[in-house]
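Trainee: Sequence:
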Amino acid sequence: MGNTRHRLENDKLSFFDHSRLLYVTTSKYEGDWQSILHAHPFSELFYVVDGKGTFLAEGSEFPVGKNDMVIINPHVQHTEKSLDTAPLDYIVLGIEGLSFSFENIVSAQDGLCIQTASGAVYKYNVQSANVFAYLNIMLEEISQKQDNYETVCQNLLEILLVCMLRNDHLSVVEEENSLLNRECAQIKNYLDANYAEDISLDTLAALTHMNKYYMAHAFTKYAGCSPISYLLEKRIQEAKSLLESTNYSVAQISNMLGFSSQSYFSQVFKKAAGRTPVQYRSENKSR
Numbered sequence: 479m480g481n482t483r484h485r486l487e488n489d490k491l492s493f494f495d496h497s498r499l500l501y502v503t504t505s506k507y508e509g510d511w512q513s514i515l516h517a518h519p520f521s522e523l524f525y526v527v528d529g530k531g532t533f534l535a536e537g538s539e540f541p542v543g544k545n546d547m548v549i550i551n552p553h554v555q556h557t558e559k560s561l562d563t564a565p566l567d568y569i570v571l572g573i574e575g576l577s578f579s580f581e582n583i584v585s586a587q588d589g590l591c592i593q594t595a596s597g598a599v600y601k602y603n604v605q606s607a608n609v610f611a612y613l614n615i616m617l618e619e620i621s622q623k624q625d626n627y628e629t630v631c632q633n634l635l636e637i638l639l640v641c642m643l644r645n646d647h648l649s650v651v652e653e654e655n656s657l658l659n660r661e662c663a664q665i666k667n668y669l670d671a672n673y674a675e676d677i678s679l680d681t682l683a684a685l686t687h688m689n690k691y692y693m694a695h696a697f698t699k700y701a702g703c704s705p706i707s708y709l710l711e712k713r714i715q716e717a718k719s720l721l722e723s724t725n726y727s728v729a730q731i732s733n734m735l736g737f738s739s740q741s742y743f744s745q746v747f748k749k750a751a752g753r754t755p756v757q758y759r760s761e762n763k764s765r
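Following the numbering used here from start to finish, the sequence shown increments by one per residue and tops out at 765.
Just to be clear, a hint being listed does not mean it is correct.
Unchecked claim - Derived pair list, reagent style DSSO-like, types lysine-lysine, alpha-carbon separation capped at 30 Å:
#  : residue 1 : residue 2
1  : Lys-748   : Lys-690
2  : Lys-749   : Lys-712
3  : Lys-544   : Lys-559
4  : Lys-690   : Lys-623
5  : Lys-748   : Lys-712
6  : Lys-763   : Lys-712
7  : Lys-763   : Lys-748
8  : Lys-559   : Lys-530
9  : Lys-690   : Lys-559
10 : Lys-623   : Lys-506
11 : Lys-544   : Lys-530
12 : Lys-749   : Lys-718
13 : Lys-718   : Lys-763
Hints were generated in silico from the structure; no laboratory data involved.
Assemble the whole structure, with the sequences as input and the hints as a guide.
Mentor: This is the structure we're talking about:
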């Protein structure tokens, strides 16, 4: 009788020590779903079971369809929109303690990588039927809630992640020491919510209890631009929306968005948009 023993390399058994499955949700578009941009301090996997639609990540959007997997890294604002003629049916996993890296992906088939100020988003079409099978078992376990179902779901998550990393050339970055990223995310969220206020580097340094020069350097590395540049970009985005959809004067919009003067607002707007606020409104005003 033949006998072959395969030993495991024990030093590799704790690869996902710091990752934790937060939730498993399933949704199907039925015409009453309001699509709202939102972000999380953790990663999400968005798997399309059926249907077609559009996925939005900060300023970018791309089509999604059956068997597409969208990987959303922490702090990226995102949402989805469904086609009425082919309603989206999807499963979402929330995963704490890791983010994904796409540096090793050279030319993944049907893949799309988008780098935003907050982090990266990656979409690809899943070729393995095992992925859907693992997701279905997770849903079954979490809905029935039998003894130790949390352990089963966590183990299934790790199997799913290994399959993804093995087959799709992805890699993960575990976030054991992510305090600095959390501080930068706090700054970004504060700017997103309070962009019309009088905000300076001193304001943000006081918010995070960091040295303002170190804080500015860390945020620039995190977001790809300085805090003040991000603030101005946010204000310009809102200015465009107001110019397109309201009858507020340029002076009113300047004041509403926290600019020190109308002339400074016009100067910043023209530098960002390539035209003055009046010219932009003339070209883009909703009728």
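Trainee: Each hint needs a verdict: does it hold in this structure or not?
Mentor: Against the structure, the hints come out as follows:
no.	hint	in the structure
1	Lys-748 to Lys-690	holds, 29 Å
2	Lys-749 to Lys-712	holds, 14 Å
3	Lys-544 to Lys-559	holds, 14 Å
4	Lys-690 to Lys-623	violated, 48 Å
5	Lys-748 to Lys-712	holds, 15 Å
6	Lys-763 to Lys-712	holds, 20 Å
7	Lys-763 to Lys-748	holds, 17 Å
8	Lys-559 to Lys-530	holds, 9 Å
9	Lys-690 to Lys-559	violated, 39 Å
10	Lys-623 to Lys-506	holds, 22 Å
11	Lys-544 to Lys-530	holds, 7 Å
12	Lys-749 to Lys-718	holds, 13 Å
13	Lys-718 to Lys-763	holds, 10 Å
When the structure is compared with the earlier hints, violations turn up for hints 4, 9 and for no others.
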